[in-house]
Amino acid sequence: MEYFSRQPKAFLTALEAILVLGVGWVDYITGPEYSLLLLYLIPVLTTAWFVGKWASVAISVESAAVLLVVDLVWQKFSSESVALYWNELSNLVFFLLVTYIIASLKSAFEREKLAAGTDSLTGVASRRHFYELADAEINRLKRYGHPFTVCYIDIDNFKQINDAFGHGEGDKLLSQIAESIRNNMRRTDVVGRLGGDEFALLMPETGEDVALNVVGKVRALQDIAQKRGLTITLSIGMVIYLSPPDNVEEMIKRADALMYSVKTGGKNNVKYEVAGRAETDRSEM
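As numbered in the working numbering, the sequence shown has no gaps in its residue numbers, which increase by one up to the final residue, 366.
Straight-line distance between alpha carbons at most 30 Å, and here's what the computed DSSO-like set of lysine-lysine pairs gives: (1) K187 with K90; (2) K298 with K240; (3) K344 with K253; (4) K253 with K348; (5) K334 with K223; (6) K253 with K334; (7) K344 with K240; (8) K90 with K134; (9) K334 with K348; (10) K344 with K334; (11) K348 with K298; (12) K253 with K298; (13) K240 with K253; (14) K223 with K298; (15) K334 with K298; (16) K240 with K334; (17) K187 with K134; (18) K348 with K240; (19) K344 with K298.
It is worth saying that the hints were derived from the structure and are not from the lab.
None of the values given here were measured: they were computed from a predicted structure.
Model the full assembly from the supplied sequences, consistent with the hints where possible.
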């Protein structure tokens, strides 16, 4: 299924159209004694799932037309028989009904998949989805040697904001910070909420210079809170990976440790290191 999901829709539609003709040929050579209606359902189903509703409607019409031709060739009915056209109309309605059901199921599946991968409060990637993307980035580094950077971000003294202004105000601030981070990052970068007031950034194919520039923009987002009469700062731990970590847990733990070091050192700072050189470099901004 993953293979078919990656194929161009035009290619899949053409393939399903050819498959319908193939089923029609088998239907013809097996004779009128056997009904191959279920075989015609295969291209209808797969088109509805992998391509879309309207392409499946076209395949449904083609299937009904092929069935009509086969019935006429075998003279199961005369060309003027009402039963012939009634049966073929019933087949078409059946195919269209299946198309509607499968397309609706696919749409519901995509909505659930999107919801599972998105944090409901902030709209950024959920923890699980972020881990999945990070795992793919680790594998890409192992295979192609392209560096990537991960940041662990914690909002300093966020509990005090909740206590002073209420959780509703705190939730609004989290949403605004997450949105601003997204707006100031590249389209290929990913921001995820790991829980509470903790976020993570994943920057594919990003070395030290670009990573420092991006994290500088992230720190500037503190102005959002100040404009609303709130004073917050960010503690950030960042790791630039030139060689891959063993797994996502190790990757997050390393960035989290740097962030915690900033916390214990006075907060409101960035500490980073480059993993993969002969000796690991560790610096502060």
